[in-house]
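Chains as they are written, first to last, in our numbering: chain A, 1 to 280; chain B, 1 to 274.
Please note that the accuracy of each hint is not assured.
[Stated by the list, open to error] Below are the DSBU-like pairs computed for lysine-lysine, each with C-alpha atoms no more than 35 Å apart in a straight line: (1) LYS7/B <-> LYS89/A; (2) LYS165/B <-> LYS105/B; (3) LYS89/A <-> LYS186/A; (4) LYS191/B <-> LYS89/A; (5) LYS86/A <-> LYS191/B; (6) LYS86/A <-> LYS186/A; (7) LYS105/B <-> LYS272/A; (8) LYS86/A <-> LYS7/B; (9) LYS191/B <-> LYS165/B; (10) LYS186/A <-> LYS7/B.
[To be verified] Residues from chain A shown here face chain B by an in silico Cβ test under 7 Å; the list is partial: (11) VAL12; (12) ALA256; (13) LEU259.
Quick caveat, the hints were computed from the structure, so don't treat them as lab data.
No residue lacks a Cβ here, since even glycine has one placed at the ideal position from N, Cα and C.
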Amino acid sequence: MTPTLFTIGVFVLLPIIYAIFLSFHQVELLGGTNLEFVGFDNFARMIDDYRAGIALWNTFQYVIIVVPTQTLLALVLAATLNAGLKGEKFFRIVYFLPTLTSSAVLTLIFMWMYNPEGAFNQFLDLFGLPTYNWINDPNVALFAIMIMNIWATAPFFMVIYLAALQDIPDSLYEAAELDGAGPFQKFRYITVPQLRPITSFVVIMGIIGTFQLFDQSYIFSGGSGGPSNSTLTVVLLIYQYAFDGIGRMGYAAALAFALAFIILIATVIQRKLSKEETIY
Amino acid sequence: MKKISVKRSILYVILSLYALVTLFPFLWALSSSFKSLEEILTHNMNLIPQNFTLDNFRFIFMEQPMFMRWLFNSVLVAVIGTALNLLFNSMAGYALARISFPGRKSMFILVLAVLMIPGQITMIPNYLILNQLGWLNSYHGLIIPAMVNATFIFMMRQFFVNFPKEVEEAAQIDGLSRVGTFFRIVLPMAKPALAAQTIFVFMASWNDFMRPLIVMSDQSMYTLPVGLNQFKGVFITQWNYIMAASMVFTLPVLLLYAFFNRYFIKGLSLRGDK
Numbered sequence: 001m002t003p004t005l006f007t008i009g010v011f012v013l014l015p016i017i018y019a020i021f022l023s024f025h026q027v028e029l030l031g032g033t034n035l036e037f038v039g040f041d042n043f044a045r046m047i048d049d050y051r052a053g054i055a056l057w058n059t060f061q062y063v064i065i066v067v068p069t070q071t072l073l074a075l076v077l078a079a080t081l082n083a084g085l086k087g088e089k090f091f092r093i094v095y096f097l098p099t100l101t102s103s104a105v106l107t108l109i110f111m112w113m114y115n116p117e118g119a120f121n122q123f124l125d126l127f128g129l130p131t132y133n134w135i136n137d138p139n140v141a142l143f144a145i146m147i148m149n150i151w152a153t154a155p156f157f158m159v160i161y162l163a164a165l166q167d168i169p170d171s172l173y174e175a176a177e178l179d180g181a182g183p184f185q186k187f188r189y190i191t192v193p194q195l196r197p198i199t200s201f202v203v204i205m206g207i208i209g210t211f212q213l214f215d216q217s218y219i220f221s222g223g224s225g226g227p228s229n230s231t232l233t234v235v236l237l238i239y240q241y242a243f244d245g246i247g248r249m250g251y252a253a254a255l256a257f258a259l260a261f262i263i264l265i266a267t268v269i270q271r272k273l274s275k276e277e278t279i280y
Numbered sequence: 001m002k003k004i005s006v007k008r009s010i011l012y013v014i015l016s017l018y019a020l021v022t023l024f025p026f027l028w029a030l031s032s033s034f035k036s037l038e039e040i041l042t043h044n045m046n047l048i049p050q051n052f053t054l055d056n057f058r059f060i061f062m063e064q065p066m067f068m069r070w071l072f073n074s075v076l077v078a079v080i081g082t083a084l085n086l087l088f089n090s091m092a093g094y095a096l097a098r099i100s101f102p103g104r105k106s107m108f109i110l111v112l113a114v115l116m117i118p119g120q121i122t123m124i125p126n127y128l129i130l131n132q133l134g135w136l137n138s139y140h141g142l143i144i145p146a147m148v149n150a151t152f153i154f155m156m157r158q159f160f161v162n163f164p165k166e167v168e169e170a171a172q173i174d175g176l177s178r179v180g181t182f183f184r185i186v187l188p189m190a191k192p193a194l195a196a197q198t199i200f201v202f203m204a205s206w207n208d209f210m211r212p213l214i215v216m217s218d219q220s221m222y223t224l225p226v227g228l229n230q231f232k233g234v235f236i237t238q239w240n241y242i243m244a245a246s247m248v249f250t251l252p253v254l255l256l257y258a259f260f261n262r263y264f265i266k267g268l269s270l271r272g273d274k
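Excised from the complex, chain B in its bound form (with noise of 0.2 Å):
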């Protein structure tokens, strides 16, 4: 009894070891997004703030017009990226799970072959193609080409195939027509892996660096992560200002994921190797 008190106090001790490793840098940045410049320079180690201060939020969003903007694009260009993205995956899925049709079979692997294939090669012609269709610096630029996403594609065509016959037929029975069925019956049996899709392709679009930082040119048209790498070179020294920013950025991410957590966990085991 003894032996295995002791050997849980020690997994204890690990646990918690790391768990402080974790959180350790997001409370320092959080603590020094409530300090004074003065402070975080002289008494950077204290995780309380001795003057706590809401200054460094009024001002970059009172002061700093951009990040207004920035934060408005982030959002618009997540919302509606992961809204094409719900419909067209899940429309396609089905497609590919239910509907015959000539070339079914090489369309699904022409997805799986697009699973494959690595940004680096795709990125430089889309610039040019881009570029070509008169789509640079703008939001369609942004949100067209990631519209679809074939890791999903493949998800929900793995749903529909395990998804009950019987119901669809009974809809149809009833007299819907196999769009009615799709939109009032099947997806809203979806939910859940809807819901998985939702926080990823979110999450990506929210997170994403590389394409806006290609794709946008004029700092009005910046996303969020772009704009904070800029950010940084404007306010090289005030890391309470880039501090204060960087968790404003944060918070939309962890309230979604407080929100679907529970399908989170899921999606990802089902990403793995279920």
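Looking at chain A on its own, in the form it has when it is part of the complex (with noise of 0.2 Å):
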């Protein structure tokens, strides 16, 4: 117990309590770490911080469209999968490689397919479709890493569903059938609602995992978040103001309280949504 709790101790709860220092302070690293205490200054800076709110809004747009396709795809994925076909094990193996593997390879074969001679492109000109520079076009950027990302998670949801549904009783899909209803009724009528507390930690997972997107927009973007600030994204820019080098690390840890704040918000929502959801 002693190591777990001078490394929690050290690496945990110090850091925290630091933090809340930091985020009242300016910090300059030059030799040693100087402080000069700022009150709430770094706070009020976030109002006039422009591209603090292009991050808000860049990672926003994100959480709202990839939280619930990623969800809708794990769902009727994992309820694809258990319908009980032959070659189940073999579509699980396949389909939990992107899981796996890890951001930086993963970023890196997109980019490569998002070239304009890349495979998306010519898979898009052979259905007579608009082609893209979707790593130089500040607006598609954004939603090329959502593409990506989607295509990435959902499977590890899927997983998750997919030990869920086997709890399910088959005693209520035959009832069900008997009062004749089709595959995509008993999809609706009892899958759906008989997972929902399993939903609602899916979309709490993946509303904190959103909001934390960093890898993919810093590797994709060479760490600028740009073209133009388009893949800027929250974590991105505490670690830009972080790690410049030129006394804003104060600035990016009450950054990081806000981005935790608002994590709180969008989860307790959730929570409160989907109990209200409960009523029809």
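Combine the two chains into a complex, taking the hints into account.
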């Protein structure tokens, strides 16, 4: 227990107190660490910071689109896989590949597929659809990251759904079949409501994960959040401010608290909504 | 009967299409890693290389001195980090489940609280603490802050709470000490839980991008994910090298997964809701 307590103490508890302390200071890292108390200045600064506004808006769009899409995809995949087909194991293993692979590798593979002559554009071209300069066009760059991450994360949640699907009693489906329900009705009136607690869990995990988007936008934009700030996320902004070496660490710490607060609010709202849903 | 088979084929079509969607990026990357740059630029939609070549792999291993170093760094950090996690998480979990000591309850609540704290908050202070300790750009600076994991302390505690007490009592009657009982009797019986933990902790360390990016400043200290990103900057158009490096990077995790497959799904459902 002692090493654990030591590690949690030094690298989790102390940092939290330190983070609160930092968020009220201006930090200079010249040789040693110089601190100057600035009160709530760091928090007040956020209001005037147009890049913070952009980062928040990008992150928000990302959460709103990615969380519902990946949840729905995970649910449909799990329900399809659970129909008792042969080869279920094979599909499970295949679907799981993206979850195993590092975000760095996935991002590089996708960046390559997104290049102007890459697989994405050739595929779109095949169907006579418009092609894009995915990485360098500010209008589609964030969307490109969304596609990649929905693809990468949905199978992870699919496995969670699969485990939960095993627990739904067969008698419910049998009763519905006697009443003449088809596969879609069974899905809509038995599977979905029965899985509600798991869906709530999946959505909360999704919200927490998507708000913390960093690796993909960092690699995609070479750390800049570009083109034209279109892939700038809150965590990437915190990283930029904290480590650019011109004394904005305190401000970055304040931003980190703001982000944690936003995530907390989002999960509380989600909880409230999912409870109200049970009315119908 | 006919209706059922139609339904089945529709399901198979959906599953196969999605399997293709999942596999395609990997197959494309894999085939590119065996192609020359000219072939990549002219016939990049062919999944089977026309002139199969191992040159890309030879290049990254032989002529790119940093790649081996990054691979070594990644292996070192992941293996030591995983071993420490296995030891400390199970010791802490066992203590929380079995040994009564003052403050046990509040310590359990502490572990649960740590689970909830987002990493971004501790990121900046951790950097400053490592800086003050002089641990930046060092292996221990990367390993030690991550050598315990609240999620797995919690998981191990749940495991040990349900562990039959009689087995331990019998061992103690036979003259084993508390520590002896733990290492010789309890841990060997916890193998499935430890296996699941091994995969998750190893994968998290192997694939981690943000922490090594912050902690390591010398190129020679990078782990693979950070090195690979650097690589991308140097070989901006040489996707054949980048893809070969990506494949080398992915292989160990795939092997680990193939080896521990059974425990992987079990561990996931443990993390989920049960």
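Outcome of the hint check:
The straight-line distance between the Cα atoms of LYS7/B and LYS89/A is roughly 20 Å, inside the 35 Å bound, and the hint therefore holds. Simply put, LYS165/B and LYS105/B have alpha-carbon atoms about 20 Å apart, close enough for the 35 Å limit, and the pair holds. For the hint linking LYS89/A to LYS186/A, the alpha-carbon distance of about 24 Å falls within 35 Å, and the restraint holds. A C-alpha spacing of about 24 Å is found between LYS191/B and LYS89/A, which places the hinted pair at or below 35 Å, so the restraint holds.
Using a Cα cut-off of 35 Å, the hinted pair LYS86/A and LYS191/B holds, with the two alpha carbons roughly 30 Å apart. Between LYS86/A and LYS186/A the CA atoms are separated by roughly 21 Å; this keeps the pair inside 35 Å, and the hint holds. Between LYS105/B and LYS272/A the alpha-carbon distance is near 30 Å, which keeps this suggested pair within the 35 Å criterion. Between LYS86/A and LYS7/B, the direct Cα distance comes to roughly 14 Å. Compliance with the 35 Å bound is thereby established for this hinted pair.
Pair hint LYS191/B plus LYS165/B holds up; C-alpha atoms about 17 Å apart against a cutoff of 35 Å. Our distance criterion of 35 Å between C-alpha atoms is met by LYS186/A and LYS7/B, whose separation comes to about 14 Å. Against a cut-off of 7 Å between C-beta atoms, the interface hint on VAL12/A holds, since the closest Cβ of chain B lies about 5 Å away. Because the closest C-beta pair between ALA256/A and chain B is about 4 Å apart, less than 7 Å, the hint holds.
Residue-level restraint check for LEU259/A holds (minimum Cβ-Cβ distance to chain B is 6 Å; threshold 7 Å).
The structure meets every hint from the earlier list without exception.
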